[in-house]
Amino acid sequence: GQSLEQPSEVTAVEGAIVQINCTYQTSGFYGLSWYQQHDGGAPTFLSYNGLDGLEETGRFSSFLSRSDSYGYLLLQELQMKDSASYFCAVRDKGQNFVFGPGTRLSVLP
Amino acid sequence: EAGVTQFPSHSVIEKGQTVTLRCDPISGHDNLYWYRRVMGKEIKFLLHFVKESKQDESGMPNNRFLAERTGGTYSTLKVQPAELEDSGVYFCASSPTKALPGANVLTFGAGSRLTVL
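Read top to bottom, the protein sequences are chains E and H. Letter 106 of the first sequence, counting from 1, is numbered 127 in my numbering, and no numbers are missing. Letter 92 of the second sequence, counting from 1, is numbered 93 in my numbering, and no numbers are missing.
Okay, chain H solo, but in the shape it has when bound (with noise of 0.2 Å):
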């Protein structure tokens, strides 16, 4: 089974300029967060997907960040305009529904590293 996978690995942008990273998630799972951690610090929630849903959106810093997963498959996050302070790993994870077996546990993918300059 193939895991999270997202892209790009590594982002270097200007601030001012727009970034858009994809996430896809393991197939099947209804399930999609993102993340991001900042300087080695925490994991902090930005937001949650059920299917093509957005079912909690309150760790979004700003409208510069909007989040889509249209179809209910992959989804994009897209930072507009880049700030200095955007800069971090941005982490998606998957997992299944609540009613299957392994829904308590987050599948993440290996991160997209954004640098705003």
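Chain E extracted, bound-state conformation (with noise of 0.2 Å):
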């Protein structure tokens, strides 16, 4: 099975740099996804990393290692609408997705 934690919350001041943890456990790992999730809506794709090392897009980034069963999703710049829940997901060999507990996170002007 796969288990997945992150912060329950974490809140920061615009314009900071947040970091998002997420630790796994699982009996077979092909990659990590990250996606957000505002009030009332659905969640959209973030990133993904299938190997170890930092994937970047525009104010987003995302880290893998493998090894540690460890990864993280890096925010810059914060901005007021980045104020969301971010999951990260497991993919597994059969392309299951299998998410994590969801960190909440409040952008404060």
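Just so you know, these hints were derived from the structure itself, not from any lab. Just so it is clear, the structure is predicted and the values come from calculations on it, not from any experiment. There may be inaccurate statements among the hints.
[Said to hold, decoys possible] In silico lysine-lysine, DSBU-like type, Cα no more than 35 Å apart, as pairs:
no.	chain 1	residue 1	chain 2	residue 2
1	H	Lys-42	H	Lys-79
2	H	Lys-42	E	Lys-102
3	H	Lys-55	H	Lys-16
4	H	Lys-99	H	Lys-52
5	H	Lys-99	H	Lys-45
6	E	Lys-114	H	Lys-55
7	E	Lys-102	H	Lys-45
8	H	Lys-99	H	Lys-55
9	H	Lys-99	E	Lys-102
10	H	Lys-45	H	Lys-55
11	H	Lys-42	H	Lys-55
12	H	Lys-42	H	Lys-99
13	H	Lys-79	E	Lys-114
14	E	Lys-114	H	Lys-45
15	H	Lys-42	E	Lys-114
16	H	Lys-52	E	Lys-114
17	H	Lys-99	E	Lys-114
18	H	Lys-42	H	Lys-16
[Said to hold, decoys possible] If the Cβ cut is set under 7 Å, some of the chain E residues that face chain H in the computed set are:
no.	residue
19	Ala-63
20	Pro-64
21	Ala-105
All C-beta atoms, glycine included, are put in the ideal place defined by N, C-alpha and C.
Hey, can you piece these two chains together into the complex? The hints should help.
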């Protein structure tokens, strides 16, 4: 089975940098994804790491260390619109995706 | 390209009644997933179809839930009879087969909010 852990809440101010960590225990691992969900909305894809290292997409970056079963999402130059829930998700061999419990990010002015 | 479409957007039923949720994935996406989010908590996996076959249904809570994907196109999720704890938002997502670009990206529908009274 799959087990993922994330902090439940993170608070930061506009313009700051925040890192959301994700640790996982899996019976099979093929990659780590990150999704953003605003209240009342659908989860939307942010990034995917299949190999170790850093992936950068604009203000967002994601990192994976398979040997440590650990990854993180880094959000830079925070904006008010970044207030949302962020989920890490593990992909297994069967192309199933299991989501973590989610981290609620609050960005303050 | 049309996105993932779910219907209804909101359903309010009484305990013991039946509800059927429908999901139309992105055309050509072999993979179709059902998830549920309850009270702002985790996005819980329910099941995964590859075309019309159930790849993994380990997340289905019990036999009151029945999912089908006839012909490998749209899918339905029936809850019969509904219980109070079934309330939540049911999300459908789809992705291309693993050999294609975008295979690691789930595209979600807007969700179907189910309220059981």
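Hint by hint, here is what the structure shows:
no.: 1; hint: Lys-42/H with Lys-79/H; in the structure: holds, 22 Å
no.: 2; hint: Lys-42/H with Lys-102/E; in the structure: holds, 21 Å
no.: 3; hint: Lys-55/H with Lys-16/H; in the structure: holds, 28 Å
no.: 4; hint: Lys-99/H with Lys-52/H; in the structure: holds, 12 Å
no.: 5; hint: Lys-99/H with Lys-45/H; in the structure: holds, 22 Å
no.: 6; hint: Lys-114/E with Lys-55/H; in the structure: holds, 15 Å
no.: 7; hint: Lys-102/E with Lys-45/H; in the structure: holds, 25 Å
no.: 8; hint: Lys-99/H with Lys-55/H; in the structure: holds, 16 Å
no.: 9; hint: Lys-99/H with Lys-102/E; in the structure: holds, 32 Å
no.: 10; hint: Lys-45/H with Lys-55/H; in the structure: holds, 17 Å
no.: 11; hint: Lys-42/H with Lys-55/H; in the structure: holds, 25 Å
no.: 12; hint: Lys-42/H with Lys-99/H; in the structure: holds, 29 Å
no.: 13; hint: Lys-79/H with Lys-114/E; in the structure: holds, 28 Å
no.: 14; hint: Lys-114/E with Lys-45/H; in the structure: holds, 19 Å
no.: 15; hint: Lys-42/H with Lys-114/E; in the structure: holds, 26 Å
no.: 16; hint: Lys-52/H with Lys-114/E; in the structure: holds, 17 Å
no.: 17; hint: Lys-99/H with Lys-114/E; in the structure: holds, 10 Å
no.: 18; hint: Lys-42/H with Lys-16/H; in the structure: holds, 22 Å
no.: 19; hint: Ala-63; in the structure: holds, 4 Å
no.: 20; hint: Pro-64; in the structure: holds, 5 Å
no.: 21; hint: Ala-105; in the structure: violated, 12 Å
The earlier numbered hint that this structure contradicts is number 21, and it is the only one.
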